[in-house]
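Trainee: Mind docking chains B, C and D on chain A? Use the hints.
Residues per chain, in single letters:
Number of protein chains: 4
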Amino acid sequence: MSSKIHVTVWGENVHEQTHEAVRKIYPKGMHACIADGLRESADFEVRTATLQDPEHGMTEEVLATTDVLTWWGHAAHNKVEDKIVDRIQKRVLEGMGLLVLHSGHHSKIFKRLMGTSCDLSWREAGEKERIWITNPGHAIVQGINASSFEIEHEEMYGEPFGIPAPDETLMISWFQGGEVFRSGVTYTRGNGKIFYFRPGHEAYPTYHQKEVKLILKNGVRWAHSQGRVYPGGCPNVTWDKAPEKLTPQGESVH
Amino acid sequence: MSSKIHVTVWGENVHEQTHEAVRKIYPKGMHACIADGLRESADFEVRTATLQDPEHGMTEEVLATTDVLTWWGHAAHNKVEDKIVDRIQKRVLEGMGLLVLHSGHHSKIFKRLMGTSCDLSWREAGEKERIWITNPGHAIVQGINASSFEIEHEEMYGEPFGIPAPDETLMISWFQGGEVFRSGVTYTRGNGKIFYFRPGHEAYPTYHQKEVKLILKNGVRWAHSQGRVYPGGCPNVTWDKAPEKLTPQGESVH
Amino acid sequence: MSSKIHVTVWGENVHEQTHEAVRKIYPKGMHACIADGLRESADFEVRTATLQDPEHGMTEEVLATTDVLTWWGHAAHNKVEDKIVDRIQKRVLEGMGLLVLHSGHHSKIFKRLMGTSCDLSWREAGEKERIWITNPGHAIVQGINASSFEIEHEEMYGEPFGIPAPDETLMISWFQGGEVFRSGVTYTRGNGKIFYFRPGHEAYPTYHQKEVKLILKNGVRWAHSQGRVYPGGCPNVTWDKAPEKLTPQGESVH
Amino acid sequence: MSSKIHVTVWGENVHEQTHEAVRKIYPKGMHACIADGLRESADFEVRTATLQDPEHGMTEEVLATTDVLTWWGHAAHNKVEDKIVDRIQKRVLEGMGLLVLHSGHHSKIFKRLMGTSCDLSWREAGEKERIWITNPGHAIVQGINASSFEIEHEEMYGEPFGIPAPDETLMISWFQGGEVFRSGVTYTRGNGKIFYFRPGHEAYPTYHQKEVKLILKNGVRWAHSQGRVYPGGCPNVTWDKAPEKLTPQGESVH
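Chains as they are written, first to last, in the working numbering: chain A, 1 to 254; chain B, 1 to 254; chain C, 1 to 254; chain D, 1 to 254.
The shape of chain A in the complex, shown without the other chains (with noise of 0.2 angstroms):
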């Protein structure tokens, strides 16, 4: 690979097809949004993938050679195929960095990465989201010049939300309707980055916002892993390759 960042962004595609409200904002799909606002970096070389395409477009080869992978989906989790899942954990624990976006929380491979149901309480009402910074010092809100930005309307994501205690919360949204989320959380699994990333709802235009947008691109950054591939497997180290000398004792099950 060259020295790019190779970034696959996932899309569900499906709303797009279904809702005119949905197109109107989004005309050649919101991956084809997400993905043009990466290419404003000039190091990052993106390409995208959707539910419809062959293995949803997450072939060995695709993931082999993707540094990140951003996740969108909302109405078809469930038509995502399991193999796939387990495919796309296994490059996340190599190394491969995920950003999983807005209803991105209830992926199966978010779930998987999890552990935990993902749940939460939600409303559609077109309200007013704040975002507030809780580390302005984090690489992923870099740019961001001020302790909040908005986004005019929204859907709202509310607490509890069933995730397990994040690395690092970046970011808290207040919502006009009276609720408060974990918008901005960071996770680690085996060699992979996790950013999880709330706004996202795709009755409003909130991939088309310049916040959005820098936060996205800098998540990409961070979740871009240096290290070598973590290699998995249970190697049997027998008796005579201990580091120290040994004679093997008693029964065996092996």
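Be aware that a few hints might be false.
Claimed, not checked - Here are the in silico distance ranges between beta carbons for each label pair:
(1) C:Gln17 - B:Glu40: 52 to 62 angstroms
(2) A:Cys234 - B:Val229: 32 to 42 angstroms
(3) B:Thr247 - A:Cys234: 55 to 65 angstroms
(4) D:Pro235 - B:Glu40: 51 to 61 angstroms
(5) B:Glu40 - C:Lys4: 25 to 35 angstroms
Said to hold, decoys possible - Below, in silico cross-link-like pairs of lysine-lysine (DSBU-like), each with a Cα-Cα straight-line distance of 35 angstroms or less:
(6) C:Lys128 - D:Lys245
(7) D:Lys90 - C:Lys79
(8) B:Lys4 - C:Lys210
(9) C:Lys245 - A:Lys245
(10) A:Lys24 - A:Lys213
(11) C:Lys83 - B:Lys245
(12) D:Lys111 - C:Lys90
(13) A:Lys128 - D:Lys241
(14) A:Lys213 - C:Lys128
(15) D:Lys111 - C:Lys241
(16) C:Lys90 - D:Lys90
(17) D:Lys128 - B:Lys213
(18) B:Lys245 - A:Lys210
(19) C:Lys245 - D:Lys111
(20) B:Lys128 - A:Lys241
(21) B:Lys245 - C:Lys24
(22) A:Lys111 - B:Lys241
(23) A:Lys4 - D:Lys210
(24) C:Lys83 - D:Lys111
(25) D:Lys90 - A:Lys90
(26) D:Lys128 - A:Lys245
(27) C:Lys79 - D:Lys241
(28) B:Lys28 - B:Lys90
(29) C:Lys213 - B:Lys90
(30) D:Lys111 - A:Lys210
Hints are computed from structural coordinates only; laboratory data are not their basis. Glycine residues also receive a C-beta, built at the ideal position from the N, C-alpha and C atoms.
Mentor: Same frame as chain A, now just chains B, C and D:
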């Protein structure tokens, strides 16, 4: 339920049937030995369940009346049905405690809750294991009045152990053959407390040893949640039910 | 000590003397009100201590017989002597629970245990605070049988809150003026359990509110360690006392 | 500053003056040897500072132009002035990286940032240490192309290590004498990344060993924050500057 702590000891119960060496050490099965150890605590109500029972003994009713579940499996992880794993995971998230023992590191339920490979390296040579206590004040190690204790013959498990960063690392093992391992680690997932405890290879009499029995009893008490059930689900808070007065705006896909 | 939980409620007791508005709400001092709330639990043995007492009421004897300490201070953090802070820190590491309340975020003991600035933004405008429960199953929020509760008039504290990533984030506040804050967070340091709880501005009757009193009672019970004392010190294990046989080699500076 | 990473290597520089054995191994001082190892990276700009320098070499100007600080001390922790420790802590919280080496576990700056005792057990017998890598994919261990590496002669450090639960545990040591230790752990405090690395007893040539030099170089690169400075302070957001329209209510103590 009474004020006792209701414990269910789950055993795979395979090697006890197939290996004479195992049967000699655990004539009634490993689960029976583990259960007997826990029964030394008068405030525990202990029963057992095995892979061979209908629904592996993990019926809705059993789980609903279990405060803490202990899990030992090795040879037949894949014979545990996915729908049963779903059910156990749901109960852990609600608040049931879970003790995962030794080769249970590769059980479906542990991998499900961790989201990672749970891989490790291993060697069956009956070598000495010395378990160091890294937080001597923790409830799980009460009564171990020493910095470390030894198990004369054990299987070696070596790092890297493919787990998320633990909430607490309580024990680390030194092996005669030269390896180390995080042998006592804790997690919270949803409202469930999880304790992984390394020792317990079926070819050795580990579950007869007093320090091991003590740590299991402490572990059950620690994992027993006194909270209420964590509610699952994704409630829709409609605009007219929002805490603050709200007028719906924008498009809708719901 | 008896089987009761021994609680010491520490109060700075300054604004109660200097501000008529505070005295009206807390005629016997804030510490007396907090202590009275805790005394609703028959299994607590509660006493108080204030800044003005000899050694601030934090003598070796008091600390040695305290299971859980609660700390409220605001105007006089710097009047607490460093050697007393050393003593409290030592007891927390050994296993004494600590509840840090409201403006105690800037107390010497909290900053000492956190290692960070504990800074935040603030506003005193008597606005509404709505506290959301992010883990409804946790022991600290038992009895709050709702997703959130409100305090009619409170001081606003806003993010960024300069703390390390919490072990658990149990509550997040929504403020009428538009901010959010992590209002209930927990930590373990040494063998001590620490709970920071945000509400409690002296100009409002917050410690008279039933949800606040309930959370403080739950917090004390949660922070009460049942483990033994965590031993401090740096013991020298001489070569002849090593667990494995050893012959000293190389140079020495000791 | 240029695009290089600016590293300041701090050395206590006491035993080098008083012990012939140390001077033989580190004729120009340990700090000089550590600095030379880091200079193997062309993208680092490295300077040194010692206890004996004015303000211990930790002037406002030096700290303001330091991206990553490394800290080795042993015999004279208490000679480091508190006001200098305050200054270093402030810079770490703002985003300066910090590598704490070996006996620096008991330095004022490490204890300040951890909030705990940082105690451990120890033995100086020149025994063998084998360091196991627990996350082989992590940036800090890149180039260590093995599961573990050995140091022929080292001081033993044993658990319990009195630290908060690390963000990441990257290395665990096996000692010939029978102990174990968490030898590579990371933390984030404010916007600063902190890496504690165990080896480095002054009586042995540890800082000449290639794996140690490699890990230090990786550690510097990892700890280098690319974010902006984390702003400190407790701003008062007056009611007329609140994000949402607000009318002040209730009493006031400010």
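Trainee: Could you work out which earlier hints the structure fails to respect and list their numbers in ascending sequence?
Mentor: 11, 25 and 30
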